[in-house]
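**Q** Here's the letter readout for the chains.
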Amino acid sequence: MAGAAVPEPSGKGKKKALDSVVNVVPFIDLLSCCLAFLLITAVWTQVGKLQVAQAGGQGEPTPPDSKTLVLTLGLSEKGFSLTAGQGAGAIDIPKKGTEFDIPALLDKLKEVKTQFPDQQTITVSPEDSVQYNDLVQTIDACMKMGLNSVTVQAVS
Amino acid sequence: MAILTPGKRPAKRFRKSKVMSGKFGKGRKVANSDLQLTSMVDMFTLLVIFLLANFSATGDVLFMSKEIQLPTASHGSEIERAPVVAITDNFIGLEGQKVVDVDQIAHDEILNIQALEDNLRDLKKREEFVHQLDKDHQFAGKINIQADKRTHFKIIKRVMYSCAMAGYGNINFAILAGKQDKAPVPGAPGAPPAAPAADQKPN
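These protein sequences, in sequence, are chains A and B.
Residue numbers for the first sequence follow the numbering used here, so the first one is 1 and each next one is one higher.
Residue numbers for the second sequence follow the numbering used here, so the first one is 1 and each next one is one higher.
Be aware that a few hints might be false.
In silico DSS-like links for lysine-lysine, alpha-carbon gap of 30 Å or less [as the list claims (entries may be wrong)]: (1) Lys-78(A) <-> Lys-157(B); (2) Lys-78(A) <-> Lys-149(B); (3) Lys-124(B) <-> Lys-108(A); (4) Lys-124(B) <-> Lys-149(B); (5) Lys-110(A) <-> Lys-149(B); (6) Lys-96(A) <-> Lys-149(B); (7) Lys-124(B) <-> Lys-110(A).
Pair ranges (Cβ atoms, derived) [what the hints assert, rightly or not]: (8) Gln-114(B) <-> Val-155(A): 19 to 29 Å; (9) Glu-80(B) <-> Leu-18(A): 15 to 25 Å; (10) Gly-87(A) <-> Glu-109(B): 28 to 38 Å; (11) Glu-128(B) <-> Ala-36(A): 54 to 64 Å; (12) Leu-51(B) <-> Ser-20(A): 38 to 48 Å; (13) Lys-66(B) <-> Ser-20(A): 48 to 58 Å; (14) Gln-97(B) <-> Ser-129(A): 25 to 35 Å; (15) Asp-29(A) <-> Asp-101(B): 45 to 55 Å; (16) Met-40(B) <-> Pro-94(A): 42 to 52 Å; (17) Pro-94(A) <-> Asp-118(B): 22 to 32 Å.
Covered stretches of chain A (chain B as the covering partner; in silico rule of three or more C-beta atoms under 8 Å from a C-beta of chain B) [unchecked claim]: (18) 21–34; (19) 92–103; (20) 122–130; (21) 133–140.
Please keep in mind that the hints were generated in silico from the structure rather than gathered at the bench.
The beta carbon of each residue, even a glycine, is placed where N, CA and C say it ideally should be.
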């Protein structure tokens with residue numbers, strides 16, 4: 001028992017008690033201090049970051065080689081518009097109701113990633129009316145598919 | 001006054017009385033009770049272990065307010081300490097200080113936000129001066145953008161442009177870390193290798 005109580009003498013008469021008392025008071029003090037410190041300094045919200053590059057900035061993607069292609073993803077009020085390669089036609093992914101169709105985008109990006117496994121870069125080009133939440137969800141979807149180098153570019 | 005053991009305390013003349021003393025002398029219960037600390041120590045230990053496991057040495061990088069609801073994303077990385085530009089419905093702030101009202105800049109024709117850019121330039125000068133002898137922590141142009149999830153990209157692009165103009169080109173979007181997906185998608189990092197590259201472009 002880790003209690004602070006003094007054990008009662010057991011047995012008869014002159015035998016010394018074999019039980020020794022563990023003084024738990026300092027241990028409780030230490031635990032209380034640790035608990036108070038950790039509760040005060042605890043971070044309850046786990047905040048992260050999505051690193052993006054800005055078109056024309058430091059992190060501008062390098063020119064594509066034969067194993068990669070220029071991948072551009074437009075966001076508008078109608079939905080996504082994915083352009084894979086220069087001069088290629090855009091693949092439209094319309095919204096589902098009021099929400100952007102992220103699963104459909106993931107499927108398309110998966111196709112691209114299957115054909116171009118070395119592809120790391122993508123340019124996300126949202127319209128002015130697109131909300132920050134939709135932009136973040138889109139970047140998150142790109143990163144999920146291994147397109148880690150995301151460049152954000154305003155629609156010209 | 002002395003602290004006495006709880007219980008009956010007869011007067012002296014009762015204690016000495018042959019008749020009355022027996023009433024108080026025998027069968028007296030022990031007033032001290034042992035305090036069971038085992039369960040409390042167990043609980044304390046569990047709490048300390050839980051809090052230690054969740055301990056973050058970086059602390060709170062962002063000042064969380066009710067006006068800013070961050071979006072959730074599952075593939076973000078750990079946020080680093082850097083200047084924070086906060087964007088709410090009403091104002092744009094830098095390092096907790098309000099810089100400009102959104103209404104003031106809503107109808108501007110130009111892309112940059114001059115007040116924000118000026119503040120960022122001052123901040124950059126200060127950072128460069130402070131770290132001029134510290135080669136390990138040279139100015140890297142990192143900045144965190146903490147925007148409400150309903151903010152339109154129209155405002156965000158202007159903030160990004162202003163940051164870039166002031167020398168902060170390493171832009172990070174602040175998000176709330178969500179749960180990671182367990183099964184990696186083929187082609188994604190950590191996933192099994194995908195099929196060999198084909199020459200065809202996707203339709």
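**Q** Of the hints given before, which are not true for this structure?
**A** 3, 7, 9, 11, 12, 16, 17, 19
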